[in-house]
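J.: Given the sequences, and given the hints that come with them, work out the whole structure.
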Amino acid sequence: MKVLVTAAFGHQGKILIPKLAAAGFDVRAARGTAGREAEVLRLGAKEVFVGDLSDPLVYAEALDGCDSVYHIGPGAHPRELQMGYAMVEAAKKVGVRHVVLLSLLQPFIDIIQHRYKLDHELALVKAGLNYTALRPCDYMMPEVYVAPAVQTGVLPVFSEDLDRVHSYISPEDLTDVALKVLIEGSAHYFAAYELSGPDKISPVGMAQILSRVIGRDVHAVVRTPQDLINHLWEHRDPSADFSHQEKIIRSIMAWYKDYDFVGNPRTLEWLLGRPPTGFEEFATKAYAEMSAGKS
16 MKVLVTAAFG
26 HQGKILIPKL
36 AAAGFDVRAA
46 RGTAGREAEV
56 LRLGAKEVFV
66 GDLSDPLVYA
76 EALDGCDSVY
86 HIGPGAHPRE
96 LQMGYAMVEA
106 AKKVGVRHVV
116 LLSLLQPFID
126 IIQHRYKLDH
136 ELALVKAGLN
146 YTALRPCDYM
156 MPEVYVAPAV
166 QTGVLPVFSE
176 DLDRVHSYIS
186 PEDLTDVALK
196 VLIEGSAHYF
206 AAYELSGPDK
216 ISPVGMAQIL
226 SRVIGRDVHA
236 VVRTPQDLIN
246 HLWEHRDPSA
256 DFSHQEKIIR
266 SIMAWYKDYD
276 FVGNPRTLEW
286 LLGRPPTGFE
296 EFATKAYAEM
306 SAGKS
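Using the numbering used here, you'd call the opening residue of the sequence shown number 16 and step up by one each time.
It cannot be assumed that every hint is accurate.
Here are the simulated DMTMM-like cross-link-like pairs (lysine to aspartate or glutamate), alpha carbons at most 25 Å apart as the crow flies [said to hold, decoys possible]:
id : residue 1 : residue 2
1  : Lys-272   : Asp-153
2  : Lys-61    : Glu-187
3  : Lys-141   : Asp-70
Estimated spans, in silico, between C-beta atoms of each pair [said to hold, decoys possible]:
id : residue 1 : residue 2 : range
4  : Val-219   : Met-16    : 43 to 53 Å
5  : Lys-108   : Val-219   : 42 to 52 Å
6  : Glu-199   : Pro-253   : 43 to 53 Å
7  : Pro-290   : Pro-253   : 45 to 55 Å
8  : Ala-207   : Lys-108   : 21 to 31 Å
9  : Asp-79    : Val-169   : 46 to 56 Å
10 : Asp-273   : Ile-198   : 34 to 44 Å
11 : Pro-253   : Gly-200   : 42 to 52 Å
Please keep in mind that the hints were generated in silico from the structure rather than gathered at the bench. Ideal Cβ positions, reconstructed from N, Cα and C, are used throughout, including at glycine.
T.: Rendered as structure tokens:
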């Protein structure tokens, strides 16, 4: 079985590709820019494809010979919407057996990226393709939640309301589900899985857990949209046009200011065959790995 994985050196790709390789998949890893091919191959990919996946012809070339695709749209990319449409067009042209789309929890809410994902899901339905949509909530990432707390005693919060609650998912859990869906194929055709961890937790609650785990006081501190933009694109070209990325970030933070973002963990638990990872378990593991010098 050959599978195409896009955004191959992103947060998920670096976790998923070794799992796919261990399960016997031939992985073709797709990237938008050249470089880091050797690192991607070391993850377990058999080959690396580099090209502009917003072009349906290029995407069809990337898909040629693949049985399935795991499409990860790069977050806040100016052509993210076009990439999803190109994927659908290419998958139909090439005759890919199974499309697994990384969507988002509650794709119907009024955030720009969520509307993109809903449009992509609708395009898959209209195309008559065998698809599975994975709809995860926010990701738990050590560099976002644990490292700042360890280094500074501060949990940066990119929302104006410290009492809003969110659900979170471990990337390990999410990639375990992606692996299962790709292995089992037809058992998951035409499904849209909302994937949430067990917690419905506020930044204040997260800071309390982090304080307990790392043994120092941790405080949740509100940051601005511009702070987040500067954090995510610290080394951006000052002359580059980042208006699209700014629009995406401000759309997300405007919603989070007024509304919770929570889901139900039962579907994730069913797919994993075990309880999903909670924030305290995640933070404990991440802190232990940092202390051991593994991250």
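J.: Which of the numbered hints are not met once you compare them with the structure shown?
T.: No numbers; nothing is violated.
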